[in-house]
Amino acid sequence: MAIPEWLKKQSSVVSHQLSVKKTKERFLDKTLQQIVSFTEDTMFNDMVSSKNGFFQKIEPRTKIFTILIFIVILSLQKGINSIAIFLVVSLALALFSRIPLYLFIKRLLPVFIFTLFISMPATLNIIVNGKPLIKICALKDQYSIGRLIIPQEIFITHEGVLSVLSLLIRVTASVSFVFLMTFTTPPNRFIKAASYFMPAALSLIVSISYRYIFFLIRKVEEFIMGFKSRNISPVFYKNTRAGQGWAASRMSLLFSISLKLSKELEQAMESRGYTNERFKVQDSKFKVSGYDRIWILFSIIFSGVMLWKF
Amino acid sequence: MHIPDGYLGPYTYGGLWAAIVPIWIFASKRVQKVLKASQIPLLALSAAFSFVIMMFNVPIPGGTTGHATGVVLISILIGPWAAVLAVSIALIIQALIFGDGGITAIGANCFNMAFAEALVGYLIYKLVAGKSGITSKRRIIGAGAGAYIGINLAAFLTAFELGIQTILHSGTDGRPMYSPFPLTITIPAIMIEHVLLFGVLEAVITILVLIYLRKSHPELIK
Chain Z
67 MAIPEWLKKQ
77 SSVVSHQLSV
87 KKTKERFLDK
97 TLQQIVSFTE
107 DTMFNDMVSS
117 KNGFFQKIEP
127 RTKIFTILIF
137 IVILSLQKGI
147 NSIAIFLVVS
157 LALALFSRIP
167 LYLFIKRLLP
177 VFIFTLFISM
187 PATLNIIVNG
197 KPLIKICALK
207 DQYSIGRLII
217 PQEIFITHEG
227 VLSVLSLLIR
237 VTASVSFVFL
247 MTFTTPPNRF
257 IKAASYFMPA
267 ALSLIVSISY
277 RYIFFLIRKV
287 EEFIMGFKSR
297 NISPVFYKNT
307 RAGQGWAASR
317 MSLLFSISLK
327 LSKELEQAME
337 SRGYTNERFK
347 VQDSKFKVSG
357 YDRIWILFSI
367 IFSGVMLWKF
Chain G
71 MHIPDGYLGP
81 YTYGGLWAAI
91 VPIWIFASKR
101 VQKVLKASQI
111 PLLALSAAFS
121 FVIMMFNVPI
131 PGGTTGHATG
141 VVLISILIGP
151 WAAVLAVSIA
161 LIIQALIFGD
171 GGITAIGANC
181 FNMAFAEALV
191 GYLIYKLVAG
201 KSGITSKRRI
211 IGAGAGAYIG
221 INLAAFLTAF
231 ELGIQTILHS
241 GTDGRPMYSP
251 FPLTITIPAI
261 MIEHVLLFGV
271 LEAVITILVL
281 IYLRKSHPEL
291 IK
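Sequence order for the protein chains is Z and G.
Sequential numbering from 67 applies to the first sequence in this note's numbering.
Sequential numbering from 71 applies to the second sequence in this note's numbering.
It is possible that some hints are incorrect.
[As the list claims (entries may be wrong)] As a list, the in silico DSS-like pairs of lysine-lysine whose alpha-carbon atoms are at most 25 angstroms apart:
#	chain 1	residue 1	chain 2	residue 2
1	Z	K197	G	K285
2	G	K285	Z	K285
3	G	K285	Z	K329
4	Z	K353	Z	K117
5	Z	K96	Z	K285
6	Z	K353	Z	K123
Hints listed in this document are in silico derivations from the structure and should not be mistaken for laboratory results.
As the structure is a prediction and not an experimental result, all values here were calculated from the model.
Make the full structure from the sequences, and use the hints.
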């Protein structure tokens, strides 16, 4: 059967409306992107924590304690070389833990790019004064915006570059240690181990909360997919207010779902006779393996050397 | 507004850890003498709700998007001290498990958002709403004003904490060791976008959620 002529014609109105839809639909897609990234992180954690690497074999409580100490010692470092040593150690540990380095670096990239982007202006003598490195431009005169002075000659300074590099490496190394700690430990074991460092009731709240985050995120995904499948009208997408109204209505629904769940959970806990004394969520007995001994010895020596240098 | 590790020096993050711990202890005492079984599911689900709200993107005029923190909203819905705990737990999970916000900066992030934003936002809400009924416009105006001022206060504290790093920590050659920008830059850079954009978005979302809840579940609004 031949296609009728009217169907072959292109409608400029429709294409315009679709482009409007595409722009205004961004808030739904961005939320979905965040959900996908959240799921990817969880899957990456599952994949890495099940590998037979060095850091996966370390007892979670020892791992959390030593990594927290490393992050604090890293924050005390002043020299760029000593900060860089921490980054090298974290990347070496990732390698020993059989984490694919490109995937690990991919996880670090967002915070690296964000820090690089916002700290770049600090290389200029407008922010950090110092020895000129590269001349950028010369203005007619010196200007001032409020209390900020823009000098006549603008250049990249030696001190500015060092300052940005220090911040960049320090931030990346810190995040690298956090990822190393979380990715090499299954979430349930991580929360159980973390409960040693926090009050019992708080650890139980964190543990319940972590589980229900997945449930609520799934709900948000359903809201968006349901909405997308029901709406093809571009009129909605033209209206920012309507988009905000829809998001607010879903948030209020999500809150009522959360409250309903909390009441059901409360009843379930009461019916099972929970009391504060039984709230302690802790891991099995503390067993120190050979790998733990090696790691503890390395941690003491490394921390001592870095503190002595500091 | 989540400060990562490495931006704050030890004086600042240590001081803010020292400030937030007694606040958490006081908040848990206020929620109940010691957290009872009935409070635990509510706080856990509120923390999960707070976590998910921060993932929810909302359209902003001009074609871009942003997300609300929902801190003052949670404060109005479950009470300010319970909100301090719930939002703190959401921030701790974000930092420890997802690397969003620093571990050394947990004290600072919780102080700015979970404490200052939640409490000041709630006080403004209460001040404007007074003893008016659930359907009163004063409640809506109060919620909007509380959300707007609350998020701007949190943004100001973040800008202040980042800006004082150049005063507190400098190397021997005078270069900044942590956040390299002085107060003259951090305050306008962070405040302009919050005063003009994110504060308005936070207020609009808080108002709209309250209007929806007032219609569908009036019993949930305290």
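Hint by hint, here is what the structure shows:
Proximity of Z/K197 to G/K285 is assessed by CA-CA distance (about 64 angstroms); at most 25 angstroms being required, the pair is judged violated. Annotation: proposed proximity of G/K285 to Z/K285 holds, straight-line Cα distance about 21 angstroms (limit 25 angstroms). For the suggested pair G/K285 and Z/K329, the alpha carbons sit about 21 angstroms apart, so the restraint of at most 25 angstroms is met. Pair hint Z/K353 plus Z/K117 holds up; C-alpha atoms about 20 angstroms apart against a cutoff of 25 angstroms.
Distance check on the hinted pair: Z/K96 and Z/K285 sit about 16 angstroms apart at the alpha-carbon level, within 25 angstroms; holds. Distance restraint check for Z/K353 and Z/K123: the Cα-Cα separation of roughly 12 angstroms lies within the 25 angstroms cut-off, and the hinted pair is therefore satisfied.
Checked against the numbered hints given earlier, this structure breaks only hint 1.
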